[in-house]
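Trainee: Below, each chain spelled out in residue letters.
Protein chains: 2
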Amino acid sequence: MDFKFLQELIVPAQTKIVLLILDGLGGLPLEPGGKTELETACTPNLDGLAVKSALGLTQPAGPGITVGSGPGHLAIFGYDPIKYEIGRGALEALGVDFELGPDDVAARGNFCSVDERGVITDRRAGRIPTAVGQELAGLLRTIKVDGVEFFVEMVKEHRFAFVMRAPGLSDALSGTDPLKVGASTLSVRALNCESEKAAHYANQFIEQARCLLADKQPANMITLRGFAKLPRIPTYPELYGLHPAAIAINGMYRGVARLAGMEVLQVCGDTIADEFATLEACWHDFDFFYMHVKKTDTFGEAGDFAGKVSVIEEVDALMPRLLALDPDVIIVGGDHSSPAVLKSHSWHPVPVLLYGRHVRADGIPEFGEHACLHGSLGVLPAKHMIPIALANAGRITKYGA
Amino acid sequence: MDFKFLQELIVPAQTKIVLLILDGLGGLPLEPGGKTELETACTPNLDGLAVKSALGLTQPAGPGITVGSGPGHLAIFGYDPIKYEIGRGALEALGVDFELGPDDVAARGNFCSVDERGVITDRRAGRIPTAVGQELAGLLRTIKVDGVEFFVEMVKEHRFAFVMRAPGLSDALSGTDPLKVGASTLSVRALNCESEKAAHYANQFIEQARCLLADKQPANMITLRGFAKLPRIPTYPELYGLHPAAIAINGMYRGVARLAGMEVLQVCGDTIADEFATLEACWHDFDFFYMHVKKTDTFGEAGDFAGKVSVIEEVDALMPRLLALDPDVIIVGGDHSSPAVLKSHSWHPVPVLLYGRHVRADGIPEFGEHACLHGSLGVLPAKHMIPIALANAGRITKYGA
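Chains as they are written, first to last, in this note's numbering: chain A, 207 to 607; chain B, 207 to 607.
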């Protein structure tokens with residue numbers, strides 16, 4: 207089903223949809239035969255919602271594919287994550303809340319250590335403290351080259367986001383990191399004719415950086431890789447006529463939401479409760495709300511099973527505030543799995559719940575991986591959830607007579 | 207899976223397949239947690255068949271998509287309903303049992319009211335009685351234009367089907383209905399070079415109609431829209447080597463079946479029992495039977511839950527007559543859902559049952575939406591049912607050595 211087909215069936219409605227994403231929601235048991243994080247968590251509110259919902263399991267990018275947060279989010283936002291790709295550099299810039307423009311080319315930057323011949327001795331400069339990185343980033347910001355504007359935004363430790371802004375830049379550029387020690391940093395190469403100007407600017411930046419950092423051991427050089435512009439993707443207003451808002455604390459999720467045409471709301475504070483407060487405050491101003499909870503993934507990646515369980519319970523305790531707003535359609539799901547036992551993202555399908563007054567409820571009184579197996583949504587591509595939500599919100603008309 | 211792949215695996219067999227479609231079969235409960243129409247109906251025969259069958263739920267055109275009867279039927283007949291589209295005009299002609307030829311261009315016609323300047327004051331001419339429409343259609347049938355043959359067939363009230371027949375007509379034509387009152391009716395425009403002749407004929411028809419109807423208040427003008435030829439779709443004989451028959455009372459279903467290469471049987475009477483009698487009478491003459499029951503949808507669209515339940519029970523009571531014929535494979539399903547609570551077609555997956563002596567039976571003793579959730583067919587595209595039925599009928603050979 208392509209967007210053009212769907213777009214022609216979209217009709218306006220006065221309904222509201224909430225897409226609540228618990229990052230890395232899917233999990234695994236600690237012991238064979240045990241319960242996952244979600245199944246272990248005490249979630250009376252989610253279980254109560256589940257019984258009135260249709261359940262299933264989403265696959266972000268196909269069987270066996272583990273996704274990063276970028277493609278995971280594009281998929282649960284309804285985009286084909288293989289067709290629409292966000293480059294590494296662009297993701298890094300989004301991650302620090304940098305508002306990438308259409309002409310900006312972003313890259314992931316690393317401070318590194320080189321010897322007197324320019325050969326890399328440490329690709330991460332001994333993971334310098336973030337404060338040191340900040341200071342060096344300040345130096346890099348003094349670099350000026352005619353015809354182009356540079357931006358350097360710290361991520362943490364040795365990592366920074368690098369952005370070039372000038373009309374007509376192309377991102378078909380090779381990276382400078384040889385990806386091993388014992389080799390010299392590389393020059394940026396233009397991978398086609400259109401990217402020669404961008405390569406020239408990037409190499410000028412790198413040469414000035416080499417001079418500025420020459421005596422700054424261990425971080426006496428930089429590498430840039432993953433050059434990328436933001437892809438152009440069709441937005442929610444264009445596709446669905448929605449007026450959507452995003453409630454997320456971390457930059458990358460805010461950035462991907464902005465890419466989809468969502469208005470990124472200011473959250474006062476950094477707790478999940480603060481995000482729910484933002485939802486309440488802006489409830490009347492939008493008809494679609496994406497809410498993002500980061501810490502399920504953070505604990506999953508840290509291998510902290512109990513920590514992930516507690517975040518799920520924290521969300522569950524806040525659910526009555528969401529339900530009190532009486533959304534027409536609610537999706538609760540994740541962008542990918544992050545089982546604590548794997549300490550990483552994984553390929554496992556992600557539990558999902560769809561609530562709405564016209565949902566054919568499965569009557570399953572539990573929200574969990576095994577319970578979702580019996581749900582009527584089945585195991586489905588994550589990108590299908592948005593059309594289903596739109597149908598339940600009365601926003602898709604009949605195809606054919 | 208495309209037709210070319212499937213076609214090469216088709217082998218002949220002496221088996222018989224019955225595809226029994228209860229229009230708009232899928233439903234919803236009246237109250238949260240309640241039973242759907244199918245679950246409410248007392249269906250001992252269908253339940254008895256279910257226990258020996260594989261169950262599942264079909265999606266006609268993808269997640270969240272509500273289909274009309276045309277695409278719904280194409281899908282359950284095994285065609286991709288997005289690839290093969292039947293235009294509105296062609297469906298209208300099929301609906302009145304008009305046998306559209308390959309050169310015919312059909313349109314949906316409306317009688318409307320216009321003021322002395324030709325501005326529409328009522329797009330439906332006050333929904334004139336069908337008898338009045340019939341009389342005016344008789345007038346329109348007197349219109350003659352050299353080189354083309356016109357057909358006017360009443361649907362009901364202000365609606366009629368319009369057909370032009372001449373060699374080489376194209377259907378790339380704009381409609382004449384401005385879709386609002388206060389605007390003039392439009393001329394038919396050719397949307398490409400090949401359709402200029404058809405546009406010319408249609409406009410000549412309209413001008414003569416204007417003169418003929420000038421004093422026939424309130425229906426003193428017509429609009430034509432949804433110009434369409436029948437699409438060319440590969441037929442069952444071509445694709446599967448089947449000799450198929452259709453048993454349906456309503457024109458549109460007969461028309462779509464004819465499009466798929468089915469022989470449309472004469473049903474003596476208009477009850478479901480009459481359709482079963484036709485099946486019995488013609489049992490030895492064909493190897494594939496499509497049977498259509500309309501009233502499940504009619505009651506669903508009317509919001510009559512009990513009426514829909516009673517039609518399902520009526521079908522169930524007739525099932526022993528079908529089973530007595532001992533078909534090799536039986537599919538019982540629907541073209542889409544039509545829940546009485548929604549009073550319309552809907553996007554909800556449709557329960558389906560597949561019986562055959564080589565089916566791996568699920569052992570589920572009930573045919574209903576929730577029971578089908580646990581079936582081995584899962585939630586599947588409707589177009590997949592025909593290949594599965596053919597396999598069970600011994601009509602698909604092994605792929606590869």
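No lab work stands behind these hints, which were simulated from the structure alone. Possibly wrong hints are sitting among the right ones.
One copy or two, it doesn't matter: identical chains are merged, so the pair holds either way.
Said to hold, decoys possible - Below, computed lysine-lysine pairings styled on DSS-like, alpha-carbon distance capped at 27 Å: (1) 362 to 241; (2) 350 to 362; (3) 289 to 210; (4) 241 to 258; (5) 362 to 549; (6) 362 to 210.
Quick caveat: nothing in here was measured; it's all calculated off a predicted structure.
Trainee: Going through the numbered hints above, which ones does this structure break? Give me the numbers in ascending order.
Mentor: Per hint list: 1, 6 violated.
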